[in-house]
Amino acid sequence: MASAKYEREYGQHLVEQVLKGKMTRRQMLVRASVFGFSMTAAGSLLAACGGDSTDSSSSPSAAGMPAPVMGGILKLIGPAPITDPDPVTIYDQGGIVLVSQFLEYLINLNDDNSLRPVLAESWTPNDTLDVWTFKLRTGVTFNDGTPFEAEDVVATMERLLDPEGGSGGAKSQWGGVLSPKGTKAVDATTVEFTLDKPYADFPYTVSNGNYNSAILSRSYKGDILKNAVGTGAYILDQYTPKQKATFKKNPTYWGKDDAGKQLPYLDGLEYIMVEDNSAQNLQLQSGAVDCQPQTVFQGAQALFQDPNLRVDIYPGTGIREIAFNQTKEPWKSGGANLCQAVAYCLDRPAINKALYDDRSNLGYDTFWQETVFPSSPPAPERAQDYDKAKQLLADAGHAGGLEIELTVAKYLENPQLAQLIQDQCKPAGITVKINQMSYTEFYAGSDADYYGTTPWIVAPMTIVEWGSRPAPGIYAAAMLLPDAVWSSSHWDNKDFVSTFDEYESTGDEAMRAELATKLSTLQQTDTPIMLPFFISQARAQKKNVYNIKGPGSIYCDCSAAYMTTA
Amino acid sequence: MLRLIGRRLLLMVPTLILASILIFLLAEVLPGNVGRSILGQYATPEDVAALNRELGADRPLVVRYVAWAGNFVTGDWGESPVQKVPVRPYVMAALWNSLILAGFALILIVPTSIVLGVFSGLRRDSALDRVITVSTLSMTVIPEFVSGVVLLYVFAVWLKWLPVTALAPEGAPFYERLYYLILPAIPLMFLELGYIARMARVGTVQVLSMPYIRTAVLKGVPRSRVVFGHVLRNAMVPTVTVIGSQVGWLIGGLVVVETLFSYPGIGKVMVESALNHDVPVLEASVLMVAVVYMFANLVADIVVALLNPRIRKGG
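Top line first, the protein sequences correspond to chains A and B.
Just so you know, we're using my numbering here: the first sequence kicks off at 43 and counts up by one.
Just so you know, we're using my numbering here: the second sequence kicks off at 250 and counts up by one.
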């Protein structure tokens, strides 16, 4: 829990916001969890607002679950890690699912993007939000018998932030926020993060939402396959590249269920590595495996209809960023009118139907979207409007039509999305030429000047796939600020930058809501990127598999999972 | 015959050296680099450069090739920078898996296609000939992905007669491994059957029109002796050559079947190592497939020479 004074003051502030109607109860719970409120304290806040203290973290599968059963080997199926699953450098689903079984994070995300403590028991910021103090869980040991202490957290952070290597993924979330030497062990169970600037969303960046931030032993030397030392519920037993990984239960795991029973319930796990989605689906349908942690909607209709399977759907935050490079024509001279013209051509419900069977959340070209990030203000919707698109085209000096090139990798559903954009832009007089290339080509660039040559950053218009991010600010910092290295749009709006700085440096929720509305408006007005949807996630499993936790389906926390015999 | 074998074995050496140089050059042309493959697209150029330096991937091409080749010929195949596992057991395990699958598929394909092709040739222009020709050719045009999915759904998911994967559990006896290979072998059979059967048919038809066959028939030699003693032996020459050339594909070109049936063969290893700039694995796997391919062709040439004395005696 947060310090008593902080908890009292901030808690009172949150309750006031709810009572004034400026915040929903759900939003309040999410924000309370970010500021380190315990479940009990959050429940008290709900009670003060006149509600009950229902657990906001329940997953779709939580309802009506039978009593846990001990034993059994749960067989998971998914893609192989692209490289060896080094937690410092992993960036793909296979790697993330694997390391999540034997490593843990300070904090885990719930499905609604609220936070639950794992290796950290509590955390609290100072008044200016630039120093965060984390109290660590006691009595935790690594699976090699060494105790888990603050020095392990410090070593993990320093390793990730190493300027001569480190983790690209982790650094992307800490750029301008946390620097090397910014993490200090106050004592064996207390860690202090001194940030480069105030950051209200900092706890998200040390959660499993920043998947590289898994806590490793201070003795880790980059040899994860030889020394898979972690605090997780399972121990990596065997790893055959591109085939299979097996895990056995960690007998000294610290976790216990609500009834005080030792976790994990299962004897172990198997992760079967299969690249092809159709092959994965067939294995699940044949009964050869128990669970597909991340089910791809396309081609999975049979899974939804299979009476032996249950498919849980989670509101996801993954996106396909359709970026207009503001340094390239026609966007450079056409400005906001031209970008908006394309945005008004999109039939977003039709895209959602075609790509995700109507199961994703629609997006309206802003990250601050209430349906996906509950603490955001409602965003004005953008329906397909060809008259408006034509008018905007004319205003931008393209009354006779426009020809644009869209660069896209042959990866996931990106080519189909490009095709839909091409079809939907045509009636407005916008001809979209699709430049399709291999995934490797799309992300390749010269060694000397990677960001000045790689297509995903330099092409005039691109589709870039992004995995989930737990808060809108984390997305914005990574791609919409002028110094963001992953900015495919190269948008440079000074008003947005100053407002964003203000937004991330205040804990005043009323002010944050006001600033979020302004940020959202600025983003929609200039439309440097289009966000037609936020991708929901699905996890297919046999009907006797229970309690695999998320967030969503991209993470796969099996520490409390179990299988019944039915 | 021995001179032929010796000459062909000697020719393998420059071929393999040339192949290894070509692979190095082609890997250089591929976009990206090994550091980028390991760290992903979101790593900074500085991090990628540091890793490439650490792996020695920033050294000149010639230096890297000489270092790799020097180690390779002494049996040190190195470690995969991407998978962090020793290259030799990784590649040899995949090659062994592919050899088993290809061998099993050949056992099904070769006798079936030869019987069908010869039978079709002997009954030239009959209804049976047309049925065999059309049906085997139709099978050939079905992509293995389509036939594989249908077979998997029917026999593994619906009827549950056969396993859904091609890889038997660890420690399974050999016959059980073959049981797991039945389903993946069928799409390969579909692909190859039409091609080899057609060659056997054409060979049979050609031989049947030869004067020595006419003479044998007019002399009153029994039909079975004509077919087995004269037709088959001579009709097999082009068929054996084709089978030899297909072995290379059956070993290294089964990426689709390996992917669909989750089979850890050498085809998948080659594709993944190429995509990830894993040069030590790519080199070793391509060279191993090349060796198998060359040996298969050598065996085919020996068989052809045994069947045809003119080739054996250099006539």
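Don't read these hints as lab results, they were simulated from the structure.
Take the hints with a grain of salt, since some may be wrong.
[Said to hold, decoys possible] Cut-off 27 Å, straight-line C-alpha distance, at most; resulting in silico cross-link-like pairs (DSSO-like, lysine-lysine):
hint	chain 1	residue 1	chain 2	residue 2
1	A	K370	A	K286
2	A	K286	B	K468
3	A	K452	A	K395
4	B	K409	A	K584
5	A	K585	A	K286
6	B	K333	A	K290
7	B	K333	A	K286
8	A	K370	A	K468
9	A	K290	A	K584
10	B	K409	A	K585
Under the constraints set out in the numbered hints, which ones does this structure not fulfil?
1 and 2
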